[in-house]
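**Q** Build the full structure now, drawing on both the sequences and the hints.
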Amino acid sequence: MSAVVPSVEQVSDPVIHAAGLRKVYGDTVAVGGIDFDVAPGESFGLLGPNGAGKSTTMRMVGAVSTRSDGELSILGLDPDASGPEIRAQLGVVPQQDNLDMELQARENLLVYGRYFGLPRRTIAQRADELLAFAQLEDKAKAKVDDLSGGMKRRLTIARALINDPRILLLDEPTTGLDPQARHILWDRLFRLKEQGTTLVLTTHYMDEAEQLCDRLVVVDKGEIMAEGSPAALIREHSTREVLEVRFGSDRNAEAARRIGAIAGLGGDRIEELPDRVLVYADNGEHALAAVVDSGLEPITSLVRRSSLEDVFLRLTGRSLIE
Amino acid sequence: MSTTPSSTPSAAPAARSAPTPAELTDAARRSRALGPIFVAEHQLRTMSKFRWTMIATAIGTPLLYLFAFGVGLATLITGNVGPGGANGEVSYLEFVAPALLVTAATLVATEEFTFGVLLGLKWNPTWIGMNASPLTGAQIVTGHFLFIAVRMVITVSIYYVVILLFGAMPSPLGILLIPVGLLAGFAWTFIAAYSATIREDKGQFAVLQRVVILPLTLFSGTVFPLAQLPWFLQPLGWASPLWHASELGRQFAYGPTEPFWLTLVHVVYLLALAAGGWMLCQRIVKRRLDK
Amino acid sequence: MSADTGTTTASGRASTRRPAARGVRSLYAGNARSVVVRGLVATRSTNWIVVLTGVVEPVFYLLSLGVGLGSYITGVTDPQGNPITYAAFIAPALLAVSAMNGAVYDSTWNVFFKMHFGKLYQGMLATSLGPLDIALGEILLALLRGGVYGTIFLVVMTALGLNLSWTAVLALPALLLIAFGFASLGMAVTSYMKTFQHMDWIQFAMLPMFLLSATFYPLSVYPEPIQWFIQAMPLWHGVELIRSLTTGAIGPMLLVHVLYYAVMIAVGMIFTTRRLRALFLD
Numbered sequence: 019m020s021a022v023v024p025s026v027e028q029v030s031d032p033v034i035h036a037a038g039l040r041k042v043y044g045d046t047v048a049v050g051g052i053d054f055d056v057a058p059g060e061s062f063g064l065l066g067p068n069g070a071g072k073s074t075t076m077r078m079v080g081a082v083s084t085r086s087d088g089e090l091s092i093l094g095l096d097p098d099a100s101g102p103e104i105r106a107q108l109g110v111v112p113q114q115d116n117l118d119m120e121l122q123a124r125e126n127l128l129v130y131g132r133y134f135g136l137p138r139r140t141i142a143q144r145a146d147e148l149l150a151f152a153q154l155e156d157k158a159k160a161k162v163d164d165l166s167g168g169m170k171r172r173l174t175i176a177r178a179l180i181n182d183p184r185i186l187l188l189d190e191p192t193t194g195l196d197p198q199a200r201h202i203l204w205d206r207l208f209r210l211k212e213q214g215t216t217l218v219l220t221t222h223y224m225d226e227a228e229q230l231c232d233r234l235v236v237v238d239k240g241e242i243m244a245e246g247s248p249a250a251l252i253r254e255h256s257t258r259e260v261l262e263v264r265f266g267s268d269r270n271a272e273a274a275r276r277i278g279a280i281a282g283l284g285g286d287r288i289e290e291l292p293d294r295v296l297v298y299a300d301n302g303e304h305a306l307a308a309v310v311d312s313g314l315e316p317i318t319s320l321v322r323r324s325s326l327e328d329v330f331l332r333l334t335g336r337s338l339i340e
Numbered sequence: 051m052s053t054t055p056s057s058t059p060s061a062a063p064a065a066r067s068a069p070t071p072a073e074l075t076d077a078a079r080r081s082r083a084l085g086p087i088f089v090a091e092h093q094l095r096t097m098s099k100f101r102w103t104m105i106a107t108a109i110g111t112p113l114l115y116l117f118a119f120g121v122g123l124a125t126l127i128t129g130n131v132g133p134g135g136a137n138g139e140v141s142y143l144e145f146v147a148p149a150l151l152v153t154a155a156t157l158v159a160t161e162e163f164t165f166g167v168l169l170g171l172k173w174n175p176t177w178i179g180m181n182a183s184p185l186t187g188a189q190i191v192t193g194h195f196l197f198i199a200v201r202m203v204i205t206v207s208i209y210y211v212v213i214l215l216f217g218a219m220p221s222p223l224g225i226l227l228i229p230v231g232l233l234a235g236f237a238w239t240f241i242a243a244y245s246a247t248i249r250e251d252k253g254q255f256a257v258l259q260r261v262v263i264l265p266l267t268l269f270s271g272t273v274f275p276l277a278q279l280p281w282f283l284q285p286l287g288w289a290s291p292l293w294h295a296s297e298l299g300r301q302f303a304y305g306p307t308e309p310f311w312l313t314l315v316h317v318v319y320l321l322a323l324a325a326g327g328w329m330l331c332q333r334i335v336k337r338r339l340d341k
Numbered sequence: 059m060s061a062d063t064g065t066t067t068a069s070g071r072a073s074t075r076r077p078a079a080r081g082v083r084s085l086y087a088g089n090a091r092s093v094v095v096r097g098l099v100a101t102r103s104t105n106w107i108v109v110l111t112g113v114v115e116p117v118f119y120l121l122s123l124g125v126g127l128g129s130y131i132t133g134v135t136d137p138q139g140n141p142i143t144y145a146a147f148i149a150p151a152l153l154a155v156s157a158m159n160g161a162v163y164d165s166t167w168n169v170f171f172k173m174h175f176g177k178l179y180q181g182m183l184a185t186s187l188g189p190l191d192i193a194l195g196e197i198l199l200a201l202l203r204g205g206v207y208g209t210i211f212l213v214v215m216t217a218l219g220l221n222l223s224w225t226a227v228l229a230l231p232a233l234l235l236i237a238f239g240f241a242s243l244g245m246a247v248t249s250y251m252k253t254f255q256h257m258d259w260i261q262f263a264m265l266p267m268f269l270l271s272a273t274f275y276p277l278s279v280y281p282e283p284i285q286w287f288i289q290a291m292p293l294w295h296g297v298e299l300i301r302s303l304t305t306g307a308i309g310p311m312l313l314v315h316v317l318y319y320a321v322m323i324a325v326g327m328i329f330t331t332r333r334l335r336a337l338f339l340d
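Residue numbers (this note's numbering), protein chains in the order written: chain S, 19 to 340; chain G, 51 to 341; chain Z, 59 to 340.
Keep in mind the hints are simulated off the structure, nothing from the lab. Beta carbons: idealized from backbone N, C-alpha and C, even for Gly. Be aware that a few hints might be false.
[As the list claims (entries may be wrong)] Taking beta-carbon pairs under 10 Å as the criterion, some of the chain Z residues facing chain G (in silico):
| # | residue |
| --- | --- |
| 1 | I107 |
| 2 | E115 |
| 3 | L121 |
| 4 | L127 |
| 5 | Y130 |
| 6 | T132 |
| 7 | G133 |
| 8 | Y144 |
| 9 | H256 |
| 10 | L270 |
| 11 | F274 |
[Said to hold, decoys possible] Dumping the calculated DMTMM-like pairs for lysine to aspartate or glutamate here, alpha-carbon to alpha-carbon at most 25 Å:
| # | chain 1 | residue 1 | chain 2 | residue 2 |
| --- | --- | --- | --- | --- |
| 12 | Z | K252 | S | E89 |
| 13 | S | K239 | S | D87 |
| 14 | G | K252 | G | E139 |
| 15 | S | K161 | S | E89 |
| 16 | S | K159 | S | E147 |
| 17 | S | K157 | S | E190 |
| 18 | G | K172 | S | D163 |
| 19 | S | K157 | S | D146 |
| 20 | G | K99 | S | D53 |
| 21 | G | K99 | S | D163 |
| 22 | G | K99 | S | D115 |
| 23 | G | K336 | S | D146 |
| 24 | G | K172 | S | D115 |
| 25 | G | K172 | S | D164 |
| 26 | G | K341 | S | D115 |
| 27 | G | K336 | S | D98 |
| 28 | G | K341 | S | D87 |
| 29 | S | K157 | S | E89 |
| 30 | G | K99 | S | D164 |
| 31 | Z | K172 | S | D164 |
| 32 | S | K239 | S | E254 |
| 33 | G | K341 | S | E254 |
| 34 | S | K157 | G | E91 |
| 35 | Z | K172 | S | E254 |
| 36 | S | K170 | S | D156 |
| 37 | Z | K172 | G | D251 |
| 38 | Z | K252 | S | D53 |
| 39 | S | K157 | S | D205 |
| 40 | S | K159 | S | E228 |
**A** Following this line, the structure appears as structure tokens:
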């Protein structure tokens, strides 16, 4: 993969460097020794199912959770010694909003800016800009309690930007939002990316990872399974296209076995899911023709391009969203 | 092979130049130094949303209590309320006023040390948000306490003025009841430390209120001298911050009524409780936020 | 919402519902009992220490004020003017106060919390239960708790020799009446509440009642106008009612007290029903 994505050291010093990073709670290993670097201006993702250790990793990077073992430096600083210095450079969008429900939207930005010791005038000016950026100008005086989920999320992002951070950490930024709210949020994050903000985000949505990440690691059970750009990961761990065929839930298993036996599809992968059979092929239409020629009659069929979901399935044998 | 998308790190849009160590230190300097003040600022802003409730309560409560105890109940009191001070005979109102003031501070403190702490850590976890900024867990605790100090000063000062209006404060030294009230409130910091350990709300606060706070309040020589209680209940008073604070307050309001060493014991005991609970609470919150 | 849930009730009654009957039918499925059962089940899974410690609260008050403060005080009488000890004077008042506090807590804080945070009621309303079932259920649950506490306190009073007449037995139903009155009023008020801070106002309204309603000293210490004002407050009637029963000072005033609470319950329930309809149905 290094042929495609140049290692970050060649470009400039990484803003985040983790090596053998571990987090253990009692007997439970949440993060089992992971390595990654994030370059300045890069948009880096951790993709994995719930409970993979993504949030724990984010908290360690956010300098609020002490690592159990391994190396970690953010902007060249060790979080154990320089937590406040690191956090002064970060913007954090946690998985659970923790805005002050009793305050108005704008007031939330004002009080948060003060935590960084910024002058009131600077904060007030930035708060107005950020409310505009988050498309919340007309909600400036609304109590947070009265905002919709998507609005709260955008306000949290605005709050995370109040200190003009070098790195923005986003933990599951769009979980629980409706499709329209997600798209608005992606658009805002894309703008930040264009402006050169380093983004680090966790997600269990492959479309989100594909939209926002230059490069990502696939995480499962506290371990990194693969690393690369979305395109490279798909290229490396999946075929160009996927044929999805459905035969009805009680016939899928039998069909999968018969498809596996079809000559010409050999070497390609076949996944049997409860509701459908996935046939990985460079040319999906050809694969479909071969399936039909073999005498099988799918109820429905669909040819699509491979996605990160397929990569994850390949690497772990499980679906991202369970 | 298709060309790599323009979003590889090498082609990333102009990233900012790396910060120098001095810049990094500088950016966190004010937070390191003034963090607790920023926290208190936030809490005060939230409190200002309820200023009318607060002001009405802060004025109405002392009026009612002083009227009920000092004027109403006093008509029934026939016994002596203990040694008087330099000014001779002490009226029941004068006796009870300092105790009511420190009790008011205790009420504010115990409310904030229980609900206030769990609000920030759990119900509306603003403390987690604060901790994601340069602020540390210890600073958040100190900031919360600073805010409580402001709340208590407001409450206690109003109480003091109402006592003056009732003519129940013989000595000018009575102004010292304001710091004594603060001390009385902060002597309950161990409650804050306990609250910070609560993960699931299973009625612990109700139990705490009934089993710890209430007996320490009722058997504390506030509305009658401790000596009136049966001997086996008196140790409760000696342990109670309220007894120490009430007696301390009485020394300033109309004292001295006790040997100087005992007054010193009150101060040391209250300070020790405040400092111990404060440090323990910092440690517990720090550990809880670091998960 | 409830119009739909009405049709799904097991009793076929709902299918014949006329528009005019919508008023109470849609609010009340006659199933308050299931709310009580749910409440009891929830109580079982929660902390029994909380329930047990509820008993000690008035006992602590009695020890502190009756014994400690009482050693100072002479010249208190029962409602008919016979001299009694301060402990016997204050114990029935503490009982009435704890009935008020318990009922108000259960019908305000508790209901408010469930309404706004627990989202418990939405779940219940999605079943065949109407809002009035829930309201009645909560009140009955509160009364059950109050009854248990009250009984224990009365036993403690008897042990300490503070029940001066056999009529003290009637203090228990009187206690439930008082609690019902405060709970139905509390529930009505809670339905108007929007934030926690509104709850503080309830506390603030209860404080003068607690301090001034002949709880700690007789009404006679006040000038006449203040006496009239206090006699208009519900707690005064509760304190006098229970004090009359535990001291055996039986007279026609008892009927006035009982009537006061009957009216209070009726008004509270009417308001609660109206408000619940506004909140959940319209």
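**Q** Now look at each hint and say whether the structure bears it out.
**A** A quick look at each hint next to the structure:
Hint status for I107 (chain Z) relative to chain G: holds, with the closest Cβ pair at about 5 Å, below 10 Å. Among the interface hints, the one on E115 (chain Z) holds; its C-beta lies about 5 Å from the nearest C-beta in chain G, closer than the 10 Å criterion. Given hint, L121 (chain Z) at the interface with chain G, holds; its Cβ is 7 Å from that chain's nearest Cβ, closer than 10 Å. Here the hint on L127 (chain Z) is kept, as its CB sits about 5 Å from the closest CB of chain G, short of 10 Å.
Residue-level restraint check for Y130 (chain Z) holds (minimum Cβ-Cβ distance to chain G is 4 Å; threshold 10 Å). A distance limit of 10 Å between C-beta atoms decides the matter here; for T132 (chain Z) the minimum to chain G is near 5 Å, and the interface restraint holds. The beta carbon of G133 (chain Z) comes within 6 Å of a beta carbon in chain G, closer than 10 Å, and the hint placing it at the interface holds. A distance limit of 10 Å between C-beta atoms decides the matter here; for Y144 (chain Z) the minimum to chain G is near 8 Å, and the interface restraint holds.
Among the interface hints, the one on H256 (chain Z) holds; its C-beta lies about 8 Å from the nearest C-beta in chain G, closer than the 10 Å criterion. A distance limit of 10 Å between C-beta atoms decides the matter here; for L270 (chain Z) the minimum to chain G is near 6 Å, and the interface restraint holds. With its C-beta approaching chain G no nearer than about 5 Å, F274 (chain Z) sits inside the 10 Å limit, and its interface hint holds. At roughly 49 Å between alpha-carbon atoms, K252 (chain Z) and E89 (chain S) are farther apart than 25 Å, so this suggested pair is violated.
Using a Cα cut-off of 25 Å, the hinted pair K239 (chain S) and D87 (chain S) holds, with the two alpha carbons roughly 17 Å apart. Of the pairs offered as hints, the one joining K252 (chain G) and E139 (chain G) is violated, with about 49 Å between alpha carbons and a cut-off of 25 Å exceeded. As the CA atoms of K161 (chain S) and E89 (chain S) are separated by approximately 42 Å, the hinted pair breaks the 25 Å bound. Simply put, K159 (chain S) and E147 (chain S) have alpha-carbon atoms about 15 Å apart, close enough for the 25 Å limit, and the pair holds.
For the proposed pair K157 (chain S) and E190 (chain S), the alpha carbon gap of about 24 Å is at most 25 Å, so the pair holds. Straight-line distance between C-alpha atoms of K172 (chain G) and D163 (chain S) comes to about 16 Å, which keeps the hinted pair within the 25 Å bound. Restraint check for K157 (chain S) and D146 (chain S): satisfied, since their Cα atoms lie roughly 11 Å apart, inside the 25 Å limit. A C-alpha spacing of about 47 Å is found between K99 (chain G) and D53 (chain S), which places the hinted pair above 25 Å, so the restraint is violated.
The suggested pairing of K99 (chain G) with D163 (chain S) holds, with an alpha-carbon distance near 14 Å, which does not exceed 25 Å. The straight-line distance between the Cα atoms of K99 (chain G) and D115 (chain S) is roughly 21 Å, inside the 25 Å bound, and the hint therefore holds. For the hint pairing K336 (chain G) with D146 (chain S), the CA-to-CA distance comes to about 33 Å; that exceeds 25 Å, so the pair is violated. Our distance criterion of 25 Å between C-alpha atoms is met by K172 (chain G) and D115 (chain S), whose separation comes to about 12 Å.
Simply put, K172 (chain G) and D164 (chain S) have alpha-carbon atoms about 20 Å apart, close enough for the 25 Å limit, and the pair holds. The hinted pair formed by K341 (chain G) and D115 (chain S) meets the criterion: a straight-line CA distance of about 17 Å does not exceed 25 Å. Under the criterion of a C-alpha separation no larger than 25 Å, the hint pairing K336 (chain G) with D98 (chain S) is consistent with the structure, at around 13 Å. Simply put, K341 (chain G) and D87 (chain S) have alpha-carbon atoms about 14 Å apart, close enough for the 25 Å limit, and the pair holds.
Under the criterion of a C-alpha separation no larger than 25 Å, the hint pairing K157 (chain S) with E89 (chain S) is inconsistent with the structure, at around 43 Å. At most 25 Å may separate the alpha-carbon atoms for a hinted pair to count; K99 (chain G) and D164 (chain S) meet this at roughly 16 Å. Proposed proximity of K172 (chain Z) and D164 (chain S) is supported: the alpha carbons are some 18 Å apart, at most 25 Å. Annotation: proposed proximity of K239 (chain S) to E254 (chain S) holds, straight-line Cα distance about 21 Å (limit 25 Å).
The suggested pairing of K341 (chain G) with E254 (chain S) is violated, with an alpha-carbon distance near 36 Å, which exceeds 25 Å. Of the pairs offered as hints, the one joining K157 (chain S) and E91 (chain G) holds, with about 23 Å between alpha carbons and a cut-off of 25 Å not exceeded. Of the pairs offered as hints, the one joining K172 (chain Z) and E254 (chain S) is violated, with about 52 Å between alpha carbons and a cut-off of 25 Å exceeded. At roughly 14 Å between alpha-carbon atoms, K170 (chain S) and D156 (chain S) fall within 25 Å of each other, so this suggested pair holds.
A C-alpha spacing of about 14 Å is found between K172 (chain Z) and D251 (chain G), which places the hinted pair at or below 25 Å, so the restraint holds. Of the pairs offered as hints, the one joining K252 (chain Z) and D53 (chain S) is violated, with about 49 Å between alpha carbons and a cut-off of 25 Å exceeded. A hinted pair counts as satisfied when its Cα atoms are at most 25 Å apart, and K157 (chain S) with D205 (chain S) qualifies at roughly 19 Å. A hinted pair counts as satisfied when its Cα atoms are at most 25 Å apart, and K159 (chain S) with E228 (chain S) does not qualify at roughly 35 Å.
In the structure shown, a violation is registered for the earlier hints numbered 12, 14, 15, 20, 23, 29, 33, 35, 38 and 40, in ascending order.
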